[in-house]
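Engineer: Here is how the chains run, residue by residue.
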Amino acid sequence: DAKTTQPTSMDCAEGRAANLPCNHSTISGNEYVYWYRQIHSQGPQYIIHGLKNNETNEMASLIITEDRKSSTLILPHATLRDTAVYYCIVRVAWAAGNKLTFGGGTRVLVKP
Amino acid sequence: EPEVTQTPSHQVTQMGQEVILHCVPISNHLYFYWYRQILGQKVEFLVSFYNNEISEKSEIFDDQFSVERPDGSNFTLKIRSTKLEDSAMYFCASSDDSNEKLFFGSGTQLSVL
Chain A
1 DAKTTQPTSM
11 DCAEGRAANL
21 PCNHSTISGN
31 EYVYWYRQIH
41 SQGPQYIIHG
51 LKNNETNEMA
61 SLIITEDRKS
71 STLILPHATL
81 RDTAVYYCIV
91 RVAWAAGNKL
101 TFGGGTRVLV
111 KP
Chain B
1 EPEVTQTPSH
11 QVTQMGQEVI
21 LHCVPISNHL
31 YFYWYRQILG
41 QKVEFLVSFY
51 NNEISEKSEI
61 FDDQFSVERP
71 DGSNFTLKIR
81 STKLEDSAMY
91 FCASSDDSNE
101 KLFFGSGTQL
111 SVL
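Chains A and B, in that order, are what the protein sequence lines are.
Numbering-wise, my numbering puts 37 at position 37 of the first sequence, and it's gapless, one number per residue.
Numbering-wise, my numbering puts 88 at position 88 of the second sequence, and it's gapless, one number per residue.
Simulated from the structure, these hints should not be mistaken for laboratory data.
On a predicted model such as this, the values are computed, not experimentally measured, just so you know.
By construction, the Cβ of each residue, glycine as well, lies at the ideal position given by its N, Cα and C atoms.
Treat the hints loosely; a few may be bogus.
[As the list claims (entries may be wrong)] Here are the computed lysine-lysine pairs in the DSSO-like style, where the Cα-Cα straight-line distance is at most 30 Å:
# : chain 1 : residue 1 : chain 2 : residue 2
1 : A       : Lys-52    : B       : Lys-78
2 : B       : Lys-83    : A       : Lys-52
3 : A       : Lys-69    : B       : Lys-101
4 : B       : Lys-78    : A       : Lys-69
5 : A       : Lys-111   : B       : Lys-83
6 : A       : Lys-111   : B       : Lys-57
[Claimed, not checked] Pairwise CB distance ranges, derived in the manner of DEER restraints:
#  : chain 1 : residue 1 : chain 2 : residue 2 : range
7  : B       : Glu-3     : A       : Lys-3     : 25 to 33 Å
8  : B       : Lys-42    : A       : Gly-29    : 43 to 51 Å
9  : A       : Thr-26    : B       : Leu-113   : 36 to 44 Å
10 : B       : Glu-100   : A       : Lys-3     : 43 to 51 Å
11 : A       : Glu-14    : B       : Lys-42    : 35 to 43 Å
12 : A       : Lys-69    : B       : Gln-17    : 19 to 27 Å
13 : B       : Asp-71    : A       : Asn-53    : 18 to 26 Å
[As the list claims (entries may be wrong)] What the simulated footprint calls covered on chain B by chain A, stretch by stretch (three residues with Cβ under 8 Å from a Cβ of chain A suffice, anywhere in the stretch; the number is not a length):
#  : segment
14 : 17-24
15 : 85-94
16 : 102-109
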């Protein structure tokens, strides 16, 4: 799996958009960009994933650059409950046994 | 929303004892995983399971570890002879036939004394 690079931590004001960057310059053509988060030692939670098009769901938006070497997760209106560690992971989606490789992630603190 | 259920939430055992961690994946899911997280460290992959066999395993998953799907609903992780360094939060996960996204349980905190 391609390696990703994320900032170690970031703060965000409640109600504002949180923009979480991720670099994945060695991503392969068949690898998707995934975002998960982990709230205080709970199990990781899926947020969103994409291949090359921008994606949006009820939780977040994912913006992938045209060369696919980086992406940004956007939490449009951060709440205190969004305080968590956010992981950017690249992974081939379809293969049997295909695992997620977690890095250190970005520790996001949403402040009132 | 369907969820992955893990029991027990906490397990305390003596070094050298066998433990079995239990998971009930989401009912129509076909891919099953175990991960662990030592306190303060990254989430680490242990093993994946598909079509009644191990698909992939990490270096951590040595012959002290085994997995089983004894019936149509449970997925277990057994540690034969626990070591102090096995103390961690163990997460079970599952995904459906698209294998696109993994759903994680809330974990079992294993403490080996």
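Engineer: If a hint holds in the structure, say so; if it does not, say that too.
Structural biologist: Structure-based check of all given hints:
1. Lys-52(A) - Lys-78(B): violated, 40 Å
2. Lys-83(B) - Lys-52(A): With a Cα-Cα distance of about 44 Å, the restraint between Lys-83(B) and Lys-52(A) is violated, given a limit of 30 Å.
3. Lys-69(A) - Lys-101(B): Holds - the C-alpha atoms of Lys-101(B) and Lys-69(A) are around 21 Å apart, at most 30 Å.
4. Lys-78(B) - Lys-69(A): violated, 40 Å
5. Lys-111(A) - Lys-83(B): Violated. Lys-111(A) to Lys-83(B) sits at ~40 Å, over the 30 Å cutoff.
6. Lys-111(A) - Lys-57(B): violated, 40 Å
7. Glu-3(B) - Lys-3(A): 25 to 33 Å: holds, 31 Å
8. Lys-42(B) - Gly-29(A): 43 to 51 Å: violated, 27 Å
9. Thr-26(A) - Leu-113(B): 36 to 44 Å: Holds, since Thr-26(A) and Leu-113(B) (Cβ atoms, about 43 Å apart) stay within the stated range.
10. Glu-100(B) - Lys-3(A): 43 to 51 Å: violated, 21 Å
11. Glu-14(A) - Lys-42(B): 35 to 43 Å: Given about 28 Å between the Cβ atoms, the range is violated.
12. Lys-69(A) - Gln-17(B): 19 to 27 Å: Once the Cβ atoms are compared, 48 Å apart, the range 19 to 27 Å for Gln-17(B) and Lys-69(A) is violated.
13. Asp-71(B) - Asn-53(A): 18 to 26 Å: violated, 41 Å
14. 17-24: The restraint on the segment 17-24 of chain B is violated, since only 0 of its residues have a Cβ under 8 Å from chain A and three are required.
15. 85-94: holds (count 3)
16. 102-109: It holds: at least three residues are needed, and the segment 102-109 of chain B offers 6 whose Cβ sits within less than 8 Å of chain A.
Comparing the model with each earlier hint shows violations of hints 1, 2, 4, 5, 6, 8, 10, 11, 12, 13 and 14; every other hint is respected.
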